[in-house]
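Read off the chains here:
2 protein chains.
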Amino acid sequence: MTEKKIKEKTQEKSQEGITVKKEENFSEWFTQIIEKAELVDLRLDVKGFTIIRPWAALTIENMFEHLEKELQKKGHKPTFMPSIIPKENLMKESEHVQGFTPEVFWIKNTGDNKELALRPTSETLYTPMFKLWIRSHRDLPLKLYQRGSVFRMDTKATRPLIRGREFIWIECHDAFATREEAEAQVQEDIDTTEKVMHQIYGVPFLPMKRPEWDKFAGAEYTVGSDCFMPDGKLIQQPSTHLMGQKFSKAFDATFKNKEEKEEHLWTTAYGPAVSRILASVIATHGDDSGMILPYSISPIQVIIIPIFNAENKNKIIKKAKEISDKLEKENIKVEIDEREYKRPGEKYHIWELKGVPFRIEIGEKEIKNNEVILFTRDIKKKEKIKLTELKNIQKLGKEFDNRLRKKADKFMENRLVSCFNKKEIKEALSSGKLAKINFCSTDKSGIKCAEIVEKELYGDVRGTLANKNEKPTGNCVICNKPATKVVYIGRSY
Amino acid sequence: MTEKKIKEKTQEKSQEGITVKKEENFSEWFTQIIEKAELVDLRLDVKGFTIIRPWAALTIENMFEHLEKELQKKGHKPTFMPSIIPKENLMKESEHVQGFTPEVFWIKNTGDNKELALRPTSETLYTPMFKLWIRSHRDLPLKLYQRGSVFRMDTKATRPLIRGREFIWIECHDAFATREEAEAQVQEDIDTTEKVMHQIYGVPFLPMKRPEWDKFAGAEYTVGSDCFMPDGKLIQQPSTHLMGQKFSKAFDATFKNKEEKEEHLWTTAYGPAVSRILASVIATHGDDSGMILPYSISPIQVIIIPIFNAENKNKIIKKAKEISDKLEKENIKVEIDEREYKRPGEKYHIWELKGVPFRIEIGEKEIKNNEVILFTRDIKKKEKIKLTELKNIQKLGKEFDNRLRKKADKFMENRLVSCFNKKEIKEALSSGKLAKINFCSTDKSGIKCAEIVEKELYGDVRGTLANKNEKPTGNCVICNKPATKVVYIGRSY
Numbered sequence: 000m001t002e003k004k005i006k007e008k009t010q011e012k013s014q015e016g017i018t019v020k021k022e023e024n025f026s027e028w029f030t031q032i033i034e035k036a037e038l039v040d041l042r043l044d045v046k047g048f049t050i051i052r053p054w055a056a057l058t059i060e061n062m063f064e065h066l067e068k069e070l071q072k073k074g075h076k077p078t079f080m081p082s083i084i085p086k087e088n089l090m091k092e093s094e095h096v097q098g099f100t101p102e103v104f105w106i107k108n109t110g111d112n113k114e115l116a117l118r119p120t121s122e123t124l125y126t127p128m129f130k131l132w133i134r135s136h137r138d139l140p141l142k143l144y145q146r147g148s149v150f151r152m153d154t155k156a157t158r159p160l161i162r163g164r165e166f167i168w169i170e171c172h173d174a175f176a177t178r179e180e181a182e183a184q185v186q187e188d189i190d191t192t193e194k195v196m197h198q199i200y201g202v203p204f205l206p207m208k209r210p211e212w213d214k215f216a217g218a219e220y221t222v223g224s225d226c227f228m229p230d231g232k233l234i235q236q237p238s239t240h241l242m243g244q245k246f247s248k249a250f251d252a253t254f255k256n257k258e259e260k261e262e263h264l265w266t267t268a269y270g271p272a273v274s275r276i277l278a279s280v281i282a283t284h285g286d287d288s289g290m291i292l293p294y295s296i297s298p299i300q301v302i303i304i305p306i307f308n309a310e311n312k313n314k315i316i317k318k319a320k321e322i323s324d325k326l327e328k329e330n331i332k333v334e335i336d337e338r339e340y341k342r343p344g345e346k347y348h349i350w351e352l353k354g355v356p357f358r359i360e361i362g363e364k365e366i367k368n369n370e371v372i373l374f375t376r377d378i379k380k381k382e383k384i385k386l387t388e389l390k391n392i393q394k395l396g397k398e399f400d401n402r403l404r405k406k407a408d409k410f411m412e413n414r415l416v417s418c419f420n421k422k423e424i425k426e427a428l429s430s431g432k433l434a435k436i437n438f439c440s441t442d443k444s445g446i447k448c449a450e451i452v453e454k455e456l457y458g459d460v461r462g463t464l465a466n467k468n469e470k471p472t473g474n475c476v477i478c479n480k481p482a483t484k485v486v487y488i489g490r491s492y
Numbered sequence: 000m001t002e003k004k005i006k007e008k009t010q011e012k013s014q015e016g017i018t019v020k021k022e023e024n025f026s027e028w029f030t031q032i033i034e035k036a037e038l039v040d041l042r043l044d045v046k047g048f049t050i051i052r053p054w055a056a057l058t059i060e061n062m063f064e065h066l067e068k069e070l071q072k073k074g075h076k077p078t079f080m081p082s083i084i085p086k087e088n089l090m091k092e093s094e095h096v097q098g099f100t101p102e103v104f105w106i107k108n109t110g111d112n113k114e115l116a117l118r119p120t121s122e123t124l125y126t127p128m129f130k131l132w133i134r135s136h137r138d139l140p141l142k143l144y145q146r147g148s149v150f151r152m153d154t155k156a157t158r159p160l161i162r163g164r165e166f167i168w169i170e171c172h173d174a175f176a177t178r179e180e181a182e183a184q185v186q187e188d189i190d191t192t193e194k195v196m197h198q199i200y201g202v203p204f205l206p207m208k209r210p211e212w213d214k215f216a217g218a219e220y221t222v223g224s225d226c227f228m229p230d231g232k233l234i235q236q237p238s239t240h241l242m243g244q245k246f247s248k249a250f251d252a253t254f255k256n257k258e259e260k261e262e263h264l265w266t267t268a269y270g271p272a273v274s275r276i277l278a279s280v281i282a283t284h285g286d287d288s289g290m291i292l293p294y295s296i297s298p299i300q301v302i303i304i305p306i307f308n309a310e311n312k313n314k315i316i317k318k319a320k321e322i323s324d325k326l327e328k329e330n331i332k333v334e335i336d337e338r339e340y341k342r343p344g345e346k347y348h349i350w351e352l353k354g355v356p357f358r359i360e361i362g363e364k365e366i367k368n369n370e371v372i373l374f375t376r377d378i379k380k381k382e383k384i385k386l387t388e389l390k391n392i393q394k395l396g397k398e399f400d401n402r403l404r405k406k407a408d409k410f411m412e413n414r415l416v417s418c419f420n421k422k423e424i425k426e427a428l429s430s431g432k433l434a435k436i437n438f439c440s441t442d443k444s445g446i447k448c449a450e451i452v453e454k455e456l457y458g459d460v461r462g463t464l465a466n467k468n469e470k471p472t473g474n475c476v477i478c479n480k481p482a483t484k485v486v487y488i489g490r491s492y
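First to last, the sequence lines map onto chains F and W.
According to numbering that gives the first Met the number 0, the first sequence is numbered sequentially starting from 0.
According to numbering that gives the first Met the number 0, the second sequence is numbered sequentially starting from 0.
No wet-lab data here; the hints were simulated from the structure.
Be a bit skeptical, because a hint or two may be false.
Treat identical chains as interchangeable: a pair holds within one or across any two.
What the hints assert, rightly or not - Taking lysine to aspartate or glutamate pairs in the EDC-like style, the calculated list, with each CA pair at most 16 Å apart, reads:
| # | residue 1 | residue 2 |
| --- | --- | --- |
| 1 | K406 | E114 |
| 2 | K73 | E334 |
| 3 | K72 | E334 |
| 4 | K72 | E327 |
| 5 | K447 | E211 |
Chain F on its own, in the form it takes in the complex (with noise of 0.2 Å):
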């Protein structure tokens, strides 16, 4: 569904439960659930900018939190660069500016006579100031990012979080000595995104090569992080792209090397999409109830519904809060849902929908018995538990985090199916699955097969594995050619 479309239904908010089973509409489940979780909102009414709301904006900044750690733990440094990118930066490299130039929205009024994009990426930010700041081998490698806005003028459908014309992510760019240390960059890249995305997001993907001419406007080759939807289709998270030395010798950014000769840079850049990981973390793990948010990156962990009346009211809170301080002392993000004027049931179905891994129930059964009634999310299973057993949360969120990664796994493995004609290909796309095949060429040269799977299967040709080397096993399944690479083709978003 488009962001038009979603705007129009959420215009009369709705405050009851997921209407749709997602399984067999996951357009229209993804449309309540964020709407009725509270994470986004369109109603300012300008395409492709979305308002993230605290629920969303919480669990983001737990999400920037853990990525920023292991990026900076590799290495990485953050910077803050300008929202803005002067125009003859942005027409240095010429299939760069080609491919992003209809993109690009133009300030009206710069106050001097600067041209000034907003800018779609910083490549063109990032390689003039290398130029500048890294002289000799020394200072190599250099690898900075930044967390912030993107802007582009996308033409296709906007969808929230998913597709915007403003979108927040990380951008890495770096800068090596050597092709080598290059492309161990996009290696580390792919490691980064499993062990952030998939480890701890749950987010299972595969690191596909792209085609030559499907690669980033201005880089050598692209590598893009296909992950499913459950409809089957394909979604593109992290990529990196190799940009070898285009930009640095459109910029002319060199460095001494240990002989003292000057050679140009080698430089990649690496893109994390926040909000759009969070859309595939919502679609990837979510039910008919609603969200279910990995506990690693959930902005309440446990939430406790005290049930009490007007009587035993005080002595139920302060249990609560008892229960509340041990768990914040061991750092789980705990809250009390005090509310008097929603009964139990309302708040659990509340919390259910946003997606709490865990739920503590406590009334005066409970204190009675020092136990208290423990909800597992994903599960949905309801045990009572002793007190004393609290002190297992933190454990139990690390097996809650490990079944949904575990289930999304199983989910793609199902979703791999090797195909050795059209007929196979073509009931493999239409059943929501990818197709491993043998294929002539990656190179310009397969481009005419690529249309043919574009137009006779309505699949598109999605890459190679980036991570291993599969041999082909016979010819291309499209032109008979000998091939010379196995690729995937899906649908895709």
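Chain F is already provided as a structure; the job is to place chain W on it using the hints.
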């Protein structure tokens, strides 16, 4: 010194130390610091848009962390709002639009028929959303914030970190049911500035309720935090605006009160500009050798310099790593400067320039004696300490920050002076002081006296203390009519 001049000077990057004394030429000192400590870079050459380099970016991230933690503790929740504002929103509140229109950057090609401004501030984004999100007194208070960029086409001289056309800050936008609650929020914001900017970053301030003629465009009143620069001039740091019902009326944002009657919301806005506060941190604490960063926000709290030759290198690096591991376990931010191509003396110099609070020197002799040399940046004290004493670093860090804050407090105290005639005011202002005087009025009727202060004495009426009710003791020092206020007069950035 303006940004343009600084840029010219920094074309040739210099590696030498600071060549001027802070007391003798603060402006040049500041310029050299931000260049030589590698804080910002102006060579992108677009007026008012600055590149913030890793050392400053890491410090700013630490500053954000303290500030956001305090705001969240006080019930604020994060959001991400679009970087743009539709023209129709911006035009709704008449004083606001008059104040901001000349400063707005407009987008040339918006992709549809909507005219879009880059946001100069976000009242006109939050208030229409308050209208949609808040229905009843039960939804109040609603306290939101965002961290991000805003854009203002400032025509005054731009200065790196201090005054730019894009700056990064936090904006809090809060909604309440009553004037009393909104006014209490203004005081809470002053308290947040005290807790974070003064207690943690060590920068003292005076909360000034600005005169009627100097308030934020669209506010009922404004409280600015005035901080001293070393040359005695004032710089405005976080300000809070009581919007009252001006914006809620412009957007017709109402709620149902306890009696089920519709009322307009009361709103406030609070805006700490973190990059600008960094300028105050640098200016307040630095000395003739460079920056001095508070322990609480320094990206590196302890730098270890191993003193080695080819023979004993491995042994000494190993010991340095042991020390580093031990400190890291206590959550101390520590780094070893292992570079072989720099002499220890150069390293001392670099890290002093960057303002790292503690330096540990360790060589052959120190290992033998189970000790290290500890250098403390602010007091420049070098002392031998036993390895076992390193566990005191966190405590020493707190003492370090207390010393910085007390020194800054003393500087400020010495700058306040009561004046009883124009001559005294003029003398106070020319010696970089803040004059406290009896004044006729801070309403519109006082504007004539304010103009005299400006034209004859070259000073600004900064306002009245916002957290203390000071009663005048005589007539207005300017016009000799009965005084209603005690105001402070200073010169400003």
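So, going through the hints one by one against the coordinates:
1. K406 to E114: For K406 and E114, the Cα distance exceeds 16 Å both inside one copy (50 Å) and across copies (46 Å).
2. K73 to E334: So K73 and E334 pass the 16 Å test across copies only (15 Å; inside, 34 Å).
3. K72 to E334: Cα proximity of K72 and E334: across copies only (13 Å, versus 31 Å in one copy).
4. K72 to E327: between (27 Å within a copy, 13 Å between copies)
5. K447 to E211: within (12 Å within a copy, 71 Å between copies)
Going through the hint list in order, the structure does not satisfy hint 1, though it satisfies all others.
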